[in-house]
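All chains should be built: construct the whole structure from the sequences, respecting the hints.
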Amino acid sequence: QKSLDLILNGEFETREAMRILWGAASHPESRPAAYAFVKGHFAALVERLPRDSGSTLARVAAGFCDDAQRADVDTFFNGRSTIYVGGPRILKQTLEQIEQCSRLQRAEEASITSFLKSY
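Just so we're aligned, residue 1318 is where the sequence shown starts under my numbering, counting upward by one.
The hints are simulated quantities; they were obtained by calculation from the structure and are not laboratory data.
A virtual CB, placed ideally from N, CA and C, is assigned to each residue, including glycine.
Label-pair restraints from in silico Cβ distances:
1. Phe-1432 <-> Ala-1361: 43 to 49 Å
2. Asp-1369 <-> Ser-1431: 45 to 51 Å
3. Glu-1364 <-> Glu-1426: 37 to 43 Å
Okay, structure coming up:
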């Protein structure tokens, strides 16, 4: 959380500090915190980022892998990130990625669990 707070504290140029956000979003352990940060600071992030960069913020959730998270991402970003150039496409791709992961997990979970129990 302390590293995410650096994004908006003015100590670093926002576009450079966004690397912290994308790094946190790329790891399952820190992804929920990165997503919560974007949800809690969406307007402030958009204000400090270059024009239409708000469209890319939905990508913070691309690594999620269940239907409930997909629904939350859709609800939050629809009407926010989608008002920017490229936003509808980026949100659609993000939702599709979450859905594909969720479907794969459901399809393979029993098989993988069974396989791992044999060891």
